[in-house]
Amino acid sequence: MTTDNVLISVKDLKKKFDGMENHALNGVSIDIHHGEVVFVVGPSGSGKSTFLRCLNLLEEPTGGTILFEGVDITDPKTDINIHRRKMGMVFQQFNLFPHMNIMKNLTIAPMKLLGKSKDEAEKTAMELLERVGLANRADAYPNQLSGGQKQRIAIVRALCMKPDVMLFDEPTSALDPEMVGEVLNVMRELAEENMTMVVVTHEMAFAKEVASRVIFMDNGSIVEENSPEEFFSNPKSERLKSFLSKVI
Amino acid sequence: MTEWFSEFADRFYRNFIKEDRWQYITDGLLVTIQITVFAVILGVVIGFLVAIIRSTHDKTGKLKIANVICRLYLTVIRGTPVVVQLLIIYYGIFASVTIDKMIVAVIAFGINSGAYVAEIVRSGIMSIDKGQFEAGRSLGFNYAQTMIYIIIPQAFKNVLPALGNELIVLLKETSVSGYIAMEDLTKGGDIIRSRTYDAMMPLLAVAAIYLTVVIILEFLVGKLERRLRNSDH
Ligand SMILES: Nc1ncnc2c1ncn2[C@@H]1O[C@H](COP(=O)(O)OP(=O)(O)OP(=O)(O)O)[C@@H](O)[C@H]1O
Ligand SMILES: [Mg+2]
Chain A
138 MTTDNVLISV
148 KDLKKKFDGM
158 ENHALNGVSI
168 DIHHGEVVFV
178 VGPSGSGKST
188 FLRCLNLLEE
198 PTGGTILFEG
208 VDITDPKTDI
218 NIHRRKMGMV
228 FQQFNLFPHM
238 NIMKNLTIAP
248 MKLLGKSKDE
258 AEKTAMELLE
268 RVGLANRADA
278 YPNQLSGGQK
288 QRIAIVRALC
298 MKPDVMLFDE
308 PTSALDPEMV
318 GEVLNVMREL
328 AEENMTMVVV
338 THEMAFAKEV
348 ASRVIFMDNG
358 SIVEENSPEE
368 FFSNPKSERL
378 KSFLSKVI
Chain B
-2 MTEWFSEFAD
8 RFYRNFIKED
18 RWQYITDGLL
28 VTIQITVFAV
38 ILGVVIGFLV
48 AIIRSTHDKT
58 GKLKIANVIC
68 RLYLTVIRGT
78 PVVVQLLIIY
88 YGIFASVTID
98 KMIVAVIAFG
108 INSGAYVAEI
118 VRSGIMSIDK
128 GQFEAGRSLG
138 FNYAQTMIYI
148 IIPQAFKNVL
158 PALGNELIVL
168 LKETSVSGYI
178 AMEDLTKGGD
188 IIRSRTYDAM
198 MPLLAVAAIY
208 LTVVIILEFL
218 VGKLERRLRN
228 SDH
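Chains as they are written, first to last, in our numbering: chain A, 138 to 385; chain B, -2 to 230.
Treat the hints with care, since some could be wrong.
[As the list claims (entries may be wrong)] Covered by chain B, according to a simulated footprint, are these stretches of chain A (three or more residues, beta-carbon under 8 Å): (1) 160 to 172; (2) 370 to 378.
[What the hints assert, rightly or not] Some residues of chain B that are not near chain A, with every Cβ distance over 10 Å (derived): (3) 71; (4) 92; (5) 95; (6) 166.
[Stated by the list, open to error] Ranges between beta-carbon positions, derived for each pair: (7) B:150 with A:342: 34 to 44 Å; (8) B:77 with A:272: 23 to 33 Å; (9) A:273 with B:139: 46 to 56 Å; (10) A:171 with B:69: 25 to 35 Å; (11) B:150 with A:299: 24 to 34 Å; (12) B:68 with A:168: 42 to 52 Å; (13) A:358 with B:42: 48 to 58 Å; (14) B:68 with A:206: 20 to 30 Å.
Note that these hints are calculated values from the structure, not bench results.
Computed from a predicted model, the values in this text were never measured in an experiment.
Glycine residues also receive a C-beta, built at the ideal position from the N, C-alpha and C atoms.
Produce the complete structure using the sequences and hints provided.
See below:
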């Protein structure tokens, strides 16, 4: 891959939380290319969420730089709100807006931030809802939906902004097992359409199947990265070997 | 029995019917309601402003000076009796200007109520899951937009019953308006007493009217609470 294909370029990213002794991120560097599906795995507390949340500055890095589409978003002069529109994020706990129905959840950001008309925004939302099989729930409120439905709506909410990258933080961890599949299916389709994705997950089989690259994090650093085939069948570091032996 | 009844009827006549004295009560009730309604509106406006400043400070560390002013306001208002505040505003601040006493009362009770509303609303804002905030920011909403579209509407719904209770408290607190010679409900009863030298009957009537209004308001607040609890959204 050529460098001009790079969508996000992270250099020596560091994060230390107030009152914590150790860095949650210890100098992470990685280039994420257009269309790449990067999976991030690692033990609990290794800094996966912190890394992901730094990418759209939900967590403010304490060191290093992040170039997104060539712009240094860690520069205080950069208006991060503009760039966040291009970075969809999906949370473990869905975080749908409970006081709005589904259609409103999906259209409020495109209307208020992108200046879309109501008709335009609803048309886009409806098309995406149809794709995830939830067009009939447009008038429902979030607490009338199952976990799997909520998460599919949360993905659609992010997609309605037409983002250039989607960030997922353990999107299936809060779901009952029988609902995991429906969410993974939506993510798989996105990957097949060449959406750039960064996915933190414990679903190793899914990572193996969908990832273009898998990253192993431990103690705030990237310890190993590889293609999914190599990553799972031929781990190099002892730490990854012992991690894989525990989770698979 | 008939003797008791005829005495009661006589007292009733003197206190309420003679010289249309019942009008002190009805006019007073109107004044009380006016003060309460306008003061609660002012209180909600002040309260939301203060709550937003305070929670913005808590969340982001910004607005340091405004936050200090707000905290000073909360401490002073909640640490002193409302009647003292009323007198200070009337005889102190507005002493040299001619101003409608109704406006003075609304300002005084509004400022007072705002302090209590502020803490109610702040707790409502702080009780919203931080994931809501993050979801808003991650879509590209700035801080203010996230507050306006996502946080405040949810917080407002959560604190509506508490705001209803604040309205009830305020209604009763306005009974000290007589201190600045406002003829509110309490003062109305007092005027009748000074005419008829009968303390019990007019004051009992006043108490019964407060109680009735409070019971009605409590009923409405309870209904609202149930509706909010049962509603899906
Ligand atoms: N808001 C915070 N304040 C203080 N410390 C934090 C905060 N968030 C995370 N940490 C710490 O930073 C480190 C990395 O946490 P992080 O949530 O990124 O791990 P993770 O890899 O996502 O773990 P998990 O698999 O459990 O989600 C941990 O030691 C954690 O305790
Ligand atoms: Mg995590």
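Hint by hint, here is what the structure shows:
1. 160 to 172: violated (count 0)
2. 370 to 378: n = 0 at 8 Å, threshold three: violated.
3. 71: Residue 71 (chain B) is indeed farther than 10 Å from all Cβ atoms of chain A, at 27 Å.
4. 92: Non-interface label on residue 92 (chain B) holds, nearest chain A Cβ at 47 Å vs cutoff 10 Å.
5. 95: Correct as stated: the minimum Cβ-Cβ distance to chain A is 47 Å, above 10 Å.
6. 166: 27 Å, holds
7. B:150 with A:342: 34 to 44 Å: Given a distance of about 41 Å, which is inside 34 to 44 Å, the answer is holds.
8. B:77 with A:272: 23 to 33 Å: For residue 77 (chain B) and residue 272 (chain A) the Cβ distance comes to about 59 Å; the hint is violated.
9. A:273 with B:139: 46 to 56 Å: Given range 46 to 56 Å: violated, Cβ gap about 34 Å.
10. A:171 with B:69: 25 to 35 Å: 54 Å, violated
11. B:150 with A:299: 24 to 34 Å: 26 Å, holds
12. B:68 with A:168: 42 to 52 Å: 48 Å, holds
13. A:358 with B:42: 48 to 58 Å: With Cβ atoms ~51 Å apart, the hint holds.
14. B:68 with A:206: 20 to 30 Å: 43 Å, violated
Comparing the model with each numbered hint stated earlier shows that hints 1, 2, 8, 9, 10 and 14 do not hold.
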